[in-house]
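Peer 1: Here is how the chains run, residue by residue.
Protein chains: 2
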Amino acid sequence: MTDLVLTTFDWVPKMVRGVVRDLRLRWALEEAELPYRVESVPFRDRGAEHFAHQPFGQVPWLTDGDQSIFETGAILLHLGGLSAKLMPTDARRRSESVEWMFAALNSVEMASLPWTMFKFMRMKGDTPEGKWFDSFVTLRLQRMEPVLAKGEWLAGTFSVADILMADVLRVVDRFEGLADYPACRAYVARATARPAFTKAHADQMAHFARGDAANPT
Amino acid sequence: MTDLVLTTFDWVPKMVRGVVRDLRLRWALEEAELPYRVESVPFRDRGAEHFAHQPFGQVPWLTDGDQSIFETGAILLHLGGLSAKLMPTDARRRSESVEWMFAALNSVEMASLPWTMFKFMRMKGDTPEGKWFDSFVTLRLQRMEPVLAKGEWLAGTFSVADILMADVLRVVDRFEGLADYPACRAYVARATARPAFTKAHADQMAHFARGDAANPT
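Protein chains in written order, with the numbering used here: chain F, 15 to 231; chain B, 15 to 231.
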């Protein structure tokens, strides 16, 4: 029996609720029906113990017994090893799932995260850097479109690769970035319609709302 | 016996030689002393077969027998499984190596790659987006500095995590981005002084130079 503990912030500002990365772990844990607890660390006062678990002072991290793991990608790879619901057992399919995990994080999110941050902060985007990111995101979406039109999930069956890719593209969709990419948009809709996503999202929203009393704005 | 084939472009413009990602794989293969061949695909005319191996039309990819793998991170994870010279065999150290691989690609390179691209294209950086990236890179380097001051390599012994992190930071160093981070700079110097890096770098430079005749500029 595993003893899985997911650590996230006690509270975050309302505008980022629903996109904090503990969502990706909650989603995986719900998909696999693995029992887990959620613990909190202060958002406003990050101590030495926090940095010992997560060197960038971010969240989430996961402890599995006496093992503490940071980086969402590394944690999802670990969880993938615990459940066939998160990663195919067939060697070729498993390799595809790992490829698409890295693709989501290093090829697509490297373009999409700054792009969505710029939108989020209402930057106009009419600068050389802003335009470069428009092209970068377009380049990636143009290639993801035929991939996602070809099949329901990236590694044949639903896997941690889809949790990462769908969560990355979901935020692009929020800023209308998928308007010209119907297969990407349908994929995001398909992934976020899964009961495990719905529960993970609702649980994150409720968790941070419970922190409001102790964190006056 | 493995049959490893690394595929990269036949040629690239001079200004990007030395930073094409096949370097990360050459470096790993040299460290592990694994036998491998290098094959080329056209830089200028990327066909359907290229996209079948690498959905973004980029390089490198690796074939290991009948298995074709894309995404440098996924390939390095695969190679890590083939040699203890690339990934510690101790479970805790191995987990640290995986964490730092993801940290290099999703936490550090997400900030550093666009930052170096902006420098490379001589953008002035005095825009909201340019300034946001200055802060993003600073945030990451401030956290990497104490980590890299603590030990020689990220997972105790040299591993694929160091190939990724050092190659990511090396490019920042090229644009004087490590001036205030002596431990980061010493780490880059330590990593790139390894004979396997020197050979990988020289081999990449020679490979692309051989493509000059067939690719007039």
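Hints listed in this document are in silico derivations from the structure and should not be mistaken for laboratory results.
If you're wondering where the values come from, they're calculated on a predicted model, not measured in any experiment.
Careful: at least some of the hints might be erroneous.
[Stated by the list, open to error] With a straight-line Cα cutoff of 27 Å, these simulated BS3-like cross-link-like pairs (lysine-lysine) come out:
{"#": "1", "chain 1": "F", "residue 1": "Lys28", "chain 2": "F", "residue 2": "Lys138"}
{"#": "2", "chain 1": "B", "residue 1": "Lys99", "chain 2": "B", "residue 2": "Lys145"}
{"#": "3", "chain 1": "B", "residue 1": "Lys164", "chain 2": "F", "residue 2": "Lys133"}
{"#": "4", "chain 1": "F", "residue 1": "Lys99", "chain 2": "F", "residue 2": "Lys145"}
{"#": "5", "chain 1": "F", "residue 1": "Lys145", "chain 2": "B", "residue 2": "Lys213"}
{"#": "6", "chain 1": "F", "residue 1": "Lys133", "chain 2": "B", "residue 2": "Lys28"}
{"#": "7", "chain 1": "B", "residue 1": "Lys213", "chain 2": "F", "residue 2": "Lys138"}
{"#": "8", "chain 1": "F", "residue 1": "Lys145", "chain 2": "B", "residue 2": "Lys133"}
{"#": "9", "chain 1": "B", "residue 1": "Lys145", "chain 2": "F", "residue 2": "Lys145"}
{"#": "10", "chain 1": "B", "residue 1": "Lys164", "chain 2": "F", "residue 2": "Lys138"}
{"#": "11", "chain 1": "F", "residue 1": "Lys145", "chain 2": "B", "residue 2": "Lys28"}
{"#": "12", "chain 1": "B", "residue 1": "Lys133", "chain 2": "F", "residue 2": "Lys133"}
{"#": "13", "chain 1": "F", "residue 1": "Lys28", "chain 2": "B", "residue 2": "Lys145"}
{"#": "14", "chain 1": "F", "residue 1": "Lys138", "chain 2": "B", "residue 2": "Lys133"}
{"#": "15", "chain 1": "F", "residue 1": "Lys28", "chain 2": "F", "residue 2": "Lys99"}
{"#": "16", "chain 1": "F", "residue 1": "Lys164", "chain 2": "F", "residue 2": "Lys28"}
{"#": "17", "chain 1": "F", "residue 1": "Lys145", "chain 2": "F", "residue 2": "Lys133"}
{"#": "18", "chain 1": "B", "residue 1": "Lys99", "chain 2": "B", "residue 2": "Lys28"}
{"#": "19", "chain 1": "B", "residue 1": "Lys164", "chain 2": "B", "residue 2": "Lys28"}
[Unchecked claim] Stretch by stretch, here's where chain B covers chain F in the computed footprint (C-beta under 8 Å, at least three residues):
{"#": "20", "stretch": "87-96"}
{"#": "21", "stretch": "119-130"}
{"#": "22", "stretch": "142-151"}
Here a beta-carbon is modelled for each residue, glycine too, at the ideal position from N, C-alpha and C.
Peer 1: Now, for every hint given, state plainly whether the structure supports it.
Peer 2: Outcome of the hint check:
Taking the CA atoms of F/Lys28 and F/Lys138, the gap is about 23 Å. The hint holds against a cut of 27 Å. Note on B/Lys99 and B/Lys145: the hinted pairing is violated, with a Cα-Cα distance of about 40 Å set against a maximum of 27 Å. A C-alpha spacing of about 38 Å is found between B/Lys164 and F/Lys133, which places the hinted pair above 27 Å, so the restraint is violated. In summary, the hint linking F/Lys99 to F/Lys145 is not supported, as the alpha carbons are separated by about 40 Å, beyond the 27 Å threshold.
Of the supplied pair hints, the one linking F/Lys145 and B/Lys213 is violated, its CA atoms being roughly 37 Å apart against a limit of 27 Å. For a cut-off of 27 Å, the pair hint linking F/Lys133 to B/Lys28 is broken: about 35 Å separates their Cα positions. Of the pairs offered as hints, the one joining B/Lys213 and F/Lys138 is violated, with about 45 Å between alpha carbons and a cut-off of 27 Å exceeded. Between F/Lys145 and B/Lys133, the direct Cα distance comes to roughly 15 Å. Compliance with the 27 Å bound is thereby established for this hinted pair.
Distance check on the hinted pair: B/Lys145 and F/Lys145 sit about 15 Å apart at the alpha-carbon level, within 27 Å; holds. A threshold of 27 Å between alpha carbons decides the hint, and for B/Lys164 with F/Lys138 the separation of about 41 Å lies outside it, so the pair is violated. At most 27 Å may separate the alpha-carbon atoms for a hinted pair to count; F/Lys145 and B/Lys28 meet this at roughly 25 Å. At most 27 Å may separate the alpha-carbon atoms for a hinted pair to count; B/Lys133 and F/Lys133 meet this at roughly 22 Å.
At roughly 25 Å between alpha-carbon atoms, F/Lys28 and B/Lys145 fall within 27 Å of each other, so this suggested pair holds. Between F/Lys138 and B/Lys133 the alpha-carbon distance is near 21 Å, which keeps this suggested pair within the 27 Å criterion. The straight-line distance between the Cα atoms of F/Lys28 and F/Lys99 is roughly 32 Å, outside the 27 Å bound, and the hint therefore fails. Restraint check for F/Lys164 and F/Lys28: not satisfied, since their Cα atoms lie roughly 37 Å apart, outside the 27 Å limit.
Between F/Lys145 and F/Lys133, the direct Cα distance comes to roughly 12 Å. Compliance with the 27 Å bound is thereby established for this hinted pair. For the given pair, B/Lys99 sits about 32 Å from B/Lys28 by alpha-carbon distance, which is inconsistent with the 27 Å threshold. For the hint pairing B/Lys164 with B/Lys28, the CA-to-CA distance comes to about 37 Å; that exceeds 27 Å, so the pair is violated. Given as covered by chain B, the stretch 87-96 of chain F passes the check, having 4 residues with a CB less than 8 Å from a CB of that chain where 3 are the minimum.
Coverage of the stretch 119-130 of chain F by chain B holds. Counting CB-CB distances below 8 Å, 7 residues qualify, and the rule asks for three or more. By the rule of at least three residues with a Cβ nearer than 8 Å to a Cβ of chain B, the coverage given for the stretch 142-151 of chain F holds, with 6 such residues.
Figure legend: structure checked against the earlier numbered hints; hints not met, in rising order: 2, 3, 4, 5, 6, 7, 10, 15, 16, 18 and 19.
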